[in-house]
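Residue numbers (numbering that gives the first Met the number 0), protein chains in the order written: chain F, 0 to 107; chain B, 0 to 543.
Hints listed in this document are in silico derivations from the structure and should not be mistaken for laboratory results. Note that this is a predicted model, so its numbers are computed, not measured. One thing to keep in mind: the hints can contain errors.
Stated by the list, open to error - If we take Cβ atoms under 7 Å as the criterion, some of the chain F residues that face chain B in the derived model are: (1) V18; (2) A21; (3) S95; (4) D98; (5) H101; (6) R102; (7) A106.
Virtual Cβ for every residue (Gly too), placed ideally from N, Cα, C.
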Amino acid sequence: MIEIVSATRCVECDICVKVCPANVFDATKDGAPVIARQEDCQTCFLCEIYCPTDALYVAETAEGPTGISEAEVEARHLFGGYARALGWKRGKAGGSQFDPTHRIRVAQ
Amino acid sequence: MPKTATAARSAPERLHLTADVLVLGGGPSAAWAAVAAAESGATVVLADKGYLGTSGATAPSNTGTWCVPPGDNRHAVVERRWQRTGELADQRWMLRCVDTAYRNLLQLSEWGYPFPSEDDGRLYIANLRGPDYMRFMRRRVLLAGVTVLDHHPALELLSDGDAIVGAAGIGRQIERDWRVDAKAVVLATGGCAFRERILGSTGLTGDGYLMAAEAGASLSGMEFTGKYTLAPHGSSLNKGLPFRWASFHREDGSAILGPTGEPLRNGIGEREEEVARALIEGPVYARLDQAEPALQGWLRQGQPNCFVPYDRAGIDPFADLFRVSLRAEGTVRGTGGIDIVSDDCGTGVPGLYVAGDAASREIMTGAVSGGGAVNSSWALASGWWAGKGASTHARRRGGKAFRNEVRPLGQAGLRPAASPRADIAAREIIETVRAEVVPLDKNFFRSGAGLEKSGERLESVWRDVRDHLQGEGVERIRTREAASIAAAGRWSVAAALHRSESRGMHRRTDLPGKSPTLAHRLVLTGVDDFRISGAPERLAELAS
Ligand SMILES: Cc1cc2nc3c(=O)[nH]c(=O)nc-3n(C[C@H](O)[C@H](O)[C@H](O)COP(=O)(O)OP(=O)(O)OC[C@H]3O[C@@H](n4cnc5c(N)ncnc54)[C@H](O)[C@@H]3O)c2cc1C
Ligand code: SF4
Ligand code: SF4
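Excised from the complex, chain B in its bound form (with noise of 0.2 Å):
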């Protein structure tokens, strides 16, 4: 017997609700700036695309954090890590993030999150296990007196001309529209996965980049999309770490070599760029032969989700070879996103503050991934500041917001340049964008003739996006998460094209090696109409 659905399908009244800060996404960048606002006296509405305790990039995973206790010797590390870079990350700012992370942590650990211990009895912080750190954070968010709205995508910000003030978007399991008037704007709505079915990707889809860039925000490091992760073939575990102690075979059975000849015995970091070669001749096999019992055993313990694939398809990975591929990861272990211009996290947009991987992380970690560390101190620390910064900026603007008249500033996917035609539609689309940003061959290793001719149909799948792509009532989060795709696959390609040389994830098989010139970060200002520029210490520019 056919079941039916409860939930109410009749158009209700749209949901308006009024808030000092409005944060927009549900992963721990959100969670932190929700709680800053509000410990700080603001009234917070939280609003996401899914539910927060679950969604996002570190629910499903089991996040390393960078985690640097205080002391000089703070320094010395975060020099050491700054090497690793590509001259592009700053050194004031990862000591800022690795200062704040760290107090974050101790107060995850004061509220009470159940952390391990190390051997001598005292806590280990710096691992956080998404599942357990996710929920915990719903419960101190709603401790906090924030207004939570899961299941209530933002489609667009609003702006009274001056500056910021809110967002509406569409609760999609009652199919109500809803609107928040805000007088400031965290966005904390992650990276963009171009789609590629890996953990927590359902709602990366860079909403946020495009709601930023409609308003003026600028991004910057976008040409840096070319992380990928390895996974057992065809499942969305894309954590490398148990391949740190792999071997890896060619369906004949020979072992592919590293760079001194010697059979591979160790898959992450920059060892993926072997394994990305071979995976474009042909199917790759794996096997964990390098780990000796105890370290099996930890690893089945401590990074169970890794091992339901191999337990559900019946395949001991300690003993069987198993097939594997690398997963795209565009700017959820790449470091593009929207731009930040002063320390509170804000965009240069009045009213407006981005956290986690919604923003670019270039200045904490450059052209290299900031994945199994950087990145979730990042969220801690960003989230934060966008927080206070937000709660700040609103106190100021106080009475000020809400007078003039408010305009929506969403174009793409929900109002046509021209008339909306029912053949563009949302999934060819994005089927279109990732056959550019996706294959090994095209974005793993990069060259200029490929980009062009990326860029090429890049620009026409954005016309006919902008022009035609238009849906009605849920189906606009769909139309809206295309064109966010669609434009963060375009600026990606661009800057791609324009970084003339390869620098950490960006390898340019016609420009190999670092280009002096090019030591500093492309920023990307504009929509349809957009323009590079270089940064060389845009901040220091703008502080002084």
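With the rest of the complex left out, here is chain F (with noise of 0.2 Å):
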């Protein structure tokens, strides 16, 4: 579940509100977006990629949240993992060509 909007790291361009699919986020007149309705979050992890400055945590979690500090989550390198992962960087798609997903077809 979504759990944490770093207020450090966010730069308040509100894409999050805009491309989370079930609108869990407020903007806000004067700050970073906040959780507004956790409860609808359905564990995507896409709000993280689509962040320009990995501001976003989204936990393991899809019943509940966990309680995760924002200090831990840093300390742990978490931010941006998911978008590392991919090869998505500053909120920008990229990666899919390097997509091994064929030969795990081939195993299969």
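Assembling the complex is the task here: the two chains are given apart, and the hints tell you how they should meet.
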């Protein structure tokens, strides 16, 4: 579930408000978006990869939050982890041309 | 300091647009329908509950397609696949689908979608990485001149008495009602995941089924909702592929055995049955220890989202045992949906077309799941046909479309049959439905007696929904979703009771084995008062 919007990393572009398919965030007048409907989050990790500054963290549990702190996410280098694995950078798509899934299908 | 939302909270004027074709949905089938309709010269509006590019089942996933190159060999490939469908699929549709899907995959490559290459340098077009594919499709839809309304769920269809002439809904971020008058509508609203927390499920509440049924369309294959997929326990990652190379263990460490008495080393496909049986008894743990080091690397790189839960929880899934569950997938990896009656994906209701998971995929994949290949090709092909069909209908109807008085068709969750009651709430309704259609011992393994009991409970939930459930403003999205989930659950259990045999993912413990008299599809017609009839070649009938 979405757990963290890092106010220090966020540049207040409101892209996450627009792209979250579950409409979880609300924009604010004076700062970073807020997690307004956490319960609706579908744990798809897509907001993370669209965020230009890796300011969002979605924890692995889908039924409820884990309570993880921003400090721990930062210390474990978890911000932007999924984007790096895909090859997306600063909110821009990339890396699909290196997808080795065809090798998995052969093994299958 | 509390922060204040900037979205306008006053109720502005309603948005009223006119178009030739209105596409409802924002997944691949909606995107292809919108592009196809726009290419034939239609003006097109696409309204999605979420955001075109991230919403639906494809965007968070990595979908393998059923990619069959042209040539005579196709017939053999289709025939082989048909053998696995429990005799319910239709080879003519399967062939049409692989042909059109292949053409559209080539189209994607011509447009510049960054496909990976095989060792010999040829592009590998049989796999579409969800986030990249859907972001790319958003751009194609916009380039085609389509008006895109994100976060604009449809609540109901509009009819002029002769045909469907549009839809109405609400812009949920601006809290403004919308209405689009259109000469034809494509329902590409996806399947019903019964609010299970799986990838892409948030918007997949079966809204299209209820809207179509209210308009007079039929459904088929609703009994085939017995598909579940493994996921790390408590996660949203219902992707079976890595479990192809796993071993499975009980709490006491003992191995779960396969049908031959050997330890299970593959947990997908038919082997889900052994895992399901063990899960009914107690917790199950897995380890991806059947994957060679090279394969481990490909899995990590090719299916990165599968590893997000492990990495974040600090688990090495190739070495450590971790707890797993089977996630219910409703009609998303099941096959039920709106019945198609013509080659252009018409529903039999003039002006109403259907594509992707909103449609029944029985003609493509029968009683077995189309996940893993068939469904994404079906979205590519059916989206295309529905978009073309809708634009042709729009052209034929011309100025006749908006002459009569227009009536909104929405009932349950919008306009209750009796007085609204505040104690009938969306959340509780969904929980009650889930208690009947999610548990493994009720829905993976089914029995006549169990289905009867579930049926009674779902009838009573449905009566409450029909008579008393109502919301105001954006709350209507939730009441309508609850109504759609209640309707889909009720139809699914009724169809499962009707199919007195076992076939594919419909497993009746009291009636194991196929019955030759039921080697045909079941078609369900009506909302409140519905009937189920056999469809021994309904399509042929309609065509003759
Ligand atoms: C984890 C996972 C992995 C998968 N992997 C594969 C695979 O490898 N191969 C394969 O063939 N298939 C796979 N599938 C299935 C495949 O993803 C679907 O078949 C495909 O996404 C269907 O496309 P669609 O456009 O019909 O529906 P979806 O992509 O589900 O989109 C439905 C859309 O409808 C919108 N919507 C819903 N209600 C409304 C409303 N009331 N108003 C407006 N819009 C609405 C939603 O917001 C959403 O945008 C997988 C599915 C899952 C969940
Ligand atoms: S997308 Fe990232 S940077 Fe932009 S508002 Fe959201 S959290 Fe902040
Ligand atoms: S994980 Fe998905 S649903 Fe959850 S906040 Fe991010 S984009 Fe929205």
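How the hints compare with the structure:
Proximity of V18 of chain F to chain B holds as hinted, the smallest CB-CB distance being about 5 Å (cut-off 7 Å). For A21 of chain F, the suggested interface contact is upheld, since its CB lies about 4 Å from the closest CB of chain B, less than 7 Å. Interface restraint check: S95 of chain F against chain B, minimum CB-CB distance 4 Å, threshold 7 Å, status holds. Given the 7 Å rule on beta carbons, the hint for D98 of chain F holds: about 5 Å separates it from the nearest Cβ of chain B.
With 7 Å as the threshold, the beta carbon of H101 of chain F comes within range of chain B, its nearest partner Cβ sitting at about 5 Å, so the hint holds. Hint status for R102 of chain F: holds, given a least beta-carbon distance of 5 Å to chain B, under 7 Å. The beta carbon of A106 of chain F comes within 5 Å of a beta carbon in chain B, closer than 7 Å, and the hint placing it at the interface holds.
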